[in-house]
Amino acid sequence: MTKFPIRVAISLAVFWAVFTFASSTQTQSHLPEQVFLHCLKSSNDPNITEVVYTPEHPDFLSVLNFYIQNSRFLNNKQTPKPKLIVAPSKGSEVQTVIKCGKMSSLQIRIRSGGHDFEGSSYISDLVDVPEKVASFMVSRTLVENAVQLVHKAQSVSLTLPLEIYFSIKFMTVLSNQTNKPTVEATFVCTYRGAGGITELLSIMDRKFPELGVTKDDIFEMLWIQFVPFHNSYPIDDYVHYLTSRIPPSKPYFSAKADFVRDPVSETGVQGLMNKLLEVPLGIGQMEWTFWGGGIMDKIPESEIAFPHRGYLFIVFEVVYWNKDDTSATIEERIDWFRGFRREFGRYVPENPRPAYADYRDHDLGLNRPDGTTTVEEARKSWGGPYFGGNFDRLVRVKSVVDPENLFRNEQGFPVIELPSSQCQLTS
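Residues -24 to -1, 1 to 403 in mature numbering (1 follows the signal peptide of the UniProt record, and there is no 0) are what the sequence shown lists, from first letter to last.
Just so you know, these hints were derived from the structure itself, not from any lab.
Small disclaimer: the values here were computed from a predicted structure and weren't measured.
Each residue gets a CB set at the ideal place from its N, CA and C atoms; glycine is no exception.
Honestly, I wouldn't trust all of these hints.
[As the list claims (entries may be wrong)] Label-pair restraints from in silico Cβ distances:
1. E186 - P379: 51 to 61 Å
2. E393 - K75: 22 to 32 Å
3. E380 - N298: 35 to 45 Å
4. E380 - N121: 51 to 61 Å
5. D212 - D346: 52 to 62 Å
6. K156 - E380: 58 to 68 Å
7. E254 - S38: 35 to 45 Å
8. K226 - K156: 27 to 37 Å
9. E32 - S68: 21 to 31 Å
[Claimed, not checked] Think about it this way: if two alpha-carbon atoms lie no more than 25 Å apart in a straight line, the pair counts; the simulated PhoX-like pairs of lysine-lysine are:
10. K128 - K251
11. K66 - K17
12. K226 - K299
13. K191 - K128
14. K356 - K374
15. K57 - K299
16. K57 - K226
17. K191 - K145
Given the sequences, and given the hints that come with them, work out the whole structure.
Structure, rendered in structure tokens:
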């Protein structure tokens, strides 16, 4: 397996906050980044300074921008820039970075190439998957009964085998029949069970004959090939697609998530599609990923941090704009997106409206930069939507594992003082 160096950004997200939390032994002549660099040089890793990028380094901006997925954070004066970037290549260097970050009172952010919707970061684990899967992707427009098929798909999804992944992508295109804008619903499916193409075709014939899937629509592929397939990229060159450290595109966008518990009516589906038609082609999009039942129903809400159970599907909603768009155009797009989410608000729970932690949403609320955000404030803003009833337990975990709040961010768990009897974790 190819391994890539971790990019660790030493970030001063709120510049004055560093000095507020800096050690009392530091003076104005010993800035936190200077203390950090001195600590690195004094470590047992003599070559670690070779993987440090300061703002004076000629590659600093290229390294910083390389992993930014959302171009609205590129060259944005309001986006905080790190004081240093470190690219450790071995475990001991990671330990040194953490130790020196703690000593210098600098924030540490671990950057990745994933769902960095709000300029933050995340990490994820891998699970075992089969070598081969059978997949299809078929599209239907409004004149091809897309509304009725989408409505039907909601009930069909509850009857599909656990080995099936099923989603619907919505975007606006020009109709081949009328040459006018229409909404195209693309049904995406992959089956990782026995029987491959033959069995998947049989399942669709039994469960969803209205969709009209044929054998020619279904392809056998490696599981990893489904990633570019799902994103409408050729699967033959999947190795290049997956190993390229430069994304095919870096759009400007804003994205959110919603959780839907009950099926959306045909009238509701039509209304959502009409909203998509209010903006230029491809500007507004959404994807419904079905997960009613399945393995998540077997895992209690309290067993893992992810709390969302009993939902029919999760919605990914996004609006795009272009680099050269005027501020007025961008504001129009954002206003449309707010209206689109209000429309979708009819079909989702409220108080709080559930949110997906992997799709960071700063509109939910942010911690105060001086570190005074209370547990109650965090729970009412972002904590409840992301983590539900697990939030308070996660605060206790944070308080035991990182009592000094070294690993913090704009939506990071606040730290509380715990009695000594509670300052340990049990399995």
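Checked hints:
no.	hint	verdict
1	E186 - P379: 51 to 61 Å	holds (57 Å)
2	E393 - K75: 22 to 32 Å	holds (24 Å)
3	E380 - N298: 35 to 45 Å	holds (43 Å)
4	E380 - N121: 51 to 61 Å	holds (59 Å)
5	D212 - D346: 52 to 62 Å	holds (53 Å)
6	K156 - E380: 58 to 68 Å	holds (60 Å)
7	E254 - S38: 35 to 45 Å	holds (38 Å)
8	K226 - K156: 27 to 37 Å	holds (30 Å)
9	E32 - S68: 21 to 31 Å	holds (26 Å)
10	K128 - K251	holds (20 Å)
11	K66 - K17	holds (16 Å)
12	K226 - K299	holds (10 Å)
13	K191 - K128	holds (21 Å)
14	K356 - K374	holds (18 Å)
15	K57 - K299	holds (20 Å)
16	K57 - K226	holds (19 Å)
17	K191 - K145	holds (21 Å)
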